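**Q** Letter by letter, the chains look like this.
Number of protein chains: 2
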Amino acid sequence: MKCSRCDRDAVIFIRYNGEHLCAEHFMEFLESRVKHELRKQVDLKPGDRIVVGTSGGKDSTTTVYLLKKIFSMRRDIEIIAVTIDEGIEGYRDRAIGVLSGYLKKIGVEHRIYRIKERFGKTIDEIAMMDKTLIPCTYCGVFRRSLLNSAARELDADYVATGLNLDDTAQSIIMNFARGDLDRLARLGPHSVVKEDLIPRIQPLRMIPEKEVLLYAILRGIEFYHGTCPYADLALRNQFRKAIDEWEARSPGTRHSIVSVYDELKPLLIERYRNFKLNRCEICGDPTPGRICKACELRLRLDKIQNL
Amino acid sequence: MKCSRCDRDAVIFIRYNGEHLCAEHFMEFLESRVKHELRKQVDLKPGDRIVVGTSGGKDSTTTVYLLKKIFSMRRDIEIIAVTIDEGIEGYRDRAIGVLSGYLKKIGVEHRIYRIKERFGKTIDEIAMMDKTLIPCTYCGVFRRSLLNSAARELDADYVATGLNLDDTAQSIIMNFARGDLDRLARLGPHSVVKEDLIPRIQPLRMIPEKEVLLYAILRGIEFYHGTCPYADLALRNQFRKAIDEWEARSPGTRHSIVSVYDELKPLLIERYRNFKLNRCEICGDPTPGRICKACELRLRLDKIQNL
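For the protein sequence lines, the chains are A and B, in the order given.
Residue numbers for the first sequence follow our numbering, so the first one is 47 and each next one is one higher.
Residue numbers for the second sequence follow our numbering, so the first one is 47 and each next one is one higher.
Just so you know, these hints were derived from the structure itself, not from any lab.
What you are looking at is a predicted structure, and each value in this text was computed from that prediction instead of being measured.
You may find that some hints are simply not true.
Heads up, the list lumps identical chains together, so a pair's fine if it works in one copy or across two of them.
[Claimed, not checked] With a straight-line Cα cutoff of 27 Å, these simulated DSS-like cross-link-like pairs (lysine-lysine) come out:
1. Lys339 x Lys349
2. Lys256 x Lys162
3. Lys115 x Lys162
4. Lys287 x Lys256
5. Lys81 x Lys151
6. Lys339 x Lys81
7. Lys322 x Lys311
8. Lys81 x Lys167
9. Lys114 x Lys86
10. Lys81 x Lys311
11. Lys91 x Lys162
12. Lys86 x Lys150
13. Lys349 x Lys162
14. Lys81 x Lys91
15. Lys162 x Lys311
16. Lys349 x Lys115
17. Lys150 x Lys177
18. Lys311 x Lys339
19. Lys339 x Lys167
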């Protein structure tokens, strides 16, 4: 099959828009959508510092690469990659090995923050201790908390993450199904800055996971291929499975989910406009309740330990 | 296992609220939720006439039964059962047989409207003619159109349908995934009357499908058990499958989906407040476009016939 835009052989069929694309035109197509998305999400000023939450996987490494590439002409924009090391043996350590080498190669500063240092335990240790809650619950909360505090410490203006279209559609439907309207209203990207919460940007939010993978391979981006040993436990799996099936039958489903959400979001934000975040009584982090989720889980671990 | 409310044996475990219930308490529990739901949805006035869209299946037959029972003391409320006969041989004809007998028994007037009479073809004939669109697309549109016009003809104040909690959660997620924000805003029940559209009421919208089935059996409601021969084709199946899986892992998921929707709905309605429905240029029915969906499909059939 030939490329719809030139005479070269196509490497991919973009089912939701009907185009066959060669490697060059595919990369151009993806990059132009990422630029468009970035323009929609942020208006960067000279001196702005972007912290990129980078696990070493394809999505976040591609995000670092693209931000670096897109802003290569703007020496006034600073990019720092931050990795949260959960302490999952045989997985995160390997990912960090691959990532560190690659970031050095492309000239991006790299900082590593460890869950064990901040919360006292690795996710491996927590998985052994708590037989009721899945480790993914701790991991999600602790990683988010640590990424936020790292970004504050580094005086970041934005926190970028590697969320792709599949992740985004899953998060939307998952929060809908869990009845979490408040969380639904707070999903990134953020156009409004709220007390101490550094706004999130998500350059890949309209790029399907498969396209990110192909792009990373074509560009020679070095990323870690491993899968988290706890991945089978995650609640998200069943939402991924469902949305993948819907997409297979009706191409464009993921895009539709995100579009509907984007139309609803201003209504949700308007509704929650006067909703004030409190300070966690233990750590001072912003939280909708009295105690933030991270401290709540830390207290739970203390209890389990003292049993 | 004993009933949580008395000494009898339980017939069901209500997983999302943790109660075991005997037959008596289960029926009481279901009826009280239906009454509560009805009070939320309508404020009936003397002389009001409710048309119930009744297929003969468990949900709609139970809806007729419950409305009749709940309003047994209000002789000023009139209930008429309307069946749309799609012309699906070996299925709808049998359902109508069961239904007619039962409605006579409980003293509810029954009217039958035929898709063939209004649209020229049965769904069986359409399924043979159109090899691209699934018959369910025609069936949904033609049934809705015919039910609306029947209700207008019968001068109904409300149209009740048998939508249960499973159906409701599926419709919400399905319209979300199809990007159909407008349809999402127009899902029943309707608190506001809009030009020529008779408001929908859905007494079973918070009752899980399995509970409707158990209730119908316990009450001796006579309903048709058959499955539509085209059922495997319906788009809805994949949404049903997904939501069933989510519910199995996280009991309460269907309730959450409907609650989130109910919180969003006023925002959606407010947003579409100034949105005017047009008159279909062919039949005069209210439609968001120039030509209503039913006439659009009728034109498509004419084209296929003249090929």
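**Q** Decide, hint by hint, whether the structure agrees.
**A** For each hint, the structure was consulted:
1. Lys339 x Lys349: Answer is within; shortest intra-copy Cα gap is 15 Å, inter-copy 60 Å.
2. Lys256 x Lys162: This pair counts as neither: shortest intra-copy Cα distance 33 Å, inter-copy 47 Å.
3. Lys115 x Lys162: neither (33 Å within a copy, 62 Å between copies)
4. Lys287 x Lys256: Both, since 15 Å and 24 Å are each at most 27 Å.
5. Lys81 x Lys151: within (23 Å within a copy, 68 Å between copies)
6. Lys339 x Lys81: For Lys339 and Lys81, the Cα distance exceeds 27 Å both inside one copy (34 Å) and across copies (38 Å).
7. Lys322 x Lys311: Both. Shortest intra-copy (18 Å) and inter-copy (23 Å) distances satisfy the 27 Å Cα cut-off.
8. Lys81 x Lys167: Result: close neither inside a copy nor across copies, 39 Å intra and 52 Å inter.
9. Lys114 x Lys86: within (18 Å within a copy, 55 Å between copies)
10. Lys81 x Lys311: Within one copy, since 22 Å is at most 27 Å while 34 Å is not.
11. Lys91 x Lys162: Close neither inside one copy (35 Å) nor across copies (65 Å); limit 27 Å.
12. Lys86 x Lys150: Neither. Shortest intra-copy (30 Å) and inter-copy (62 Å) distances fail the 27 Å Cα cut-off.
13. Lys349 x Lys162: within (17 Å within a copy, 69 Å between copies)
14. Lys81 x Lys91: Within one copy, since 16 Å is at most 27 Å while 58 Å is not.
15. Lys162 x Lys311: Close neither inside one copy (36 Å) nor across copies (44 Å); limit 27 Å.
16. Lys349 x Lys115: Neither: 47 Å inside a copy, 53 Å across copies.
17. Lys150 x Lys177: neither (39 Å within a copy, 58 Å between copies)
18. Lys311 x Lys339: within (23 Å within a copy, 29 Å between copies)
19. Lys339 x Lys167: within (16 Å within a copy, 59 Å between copies)
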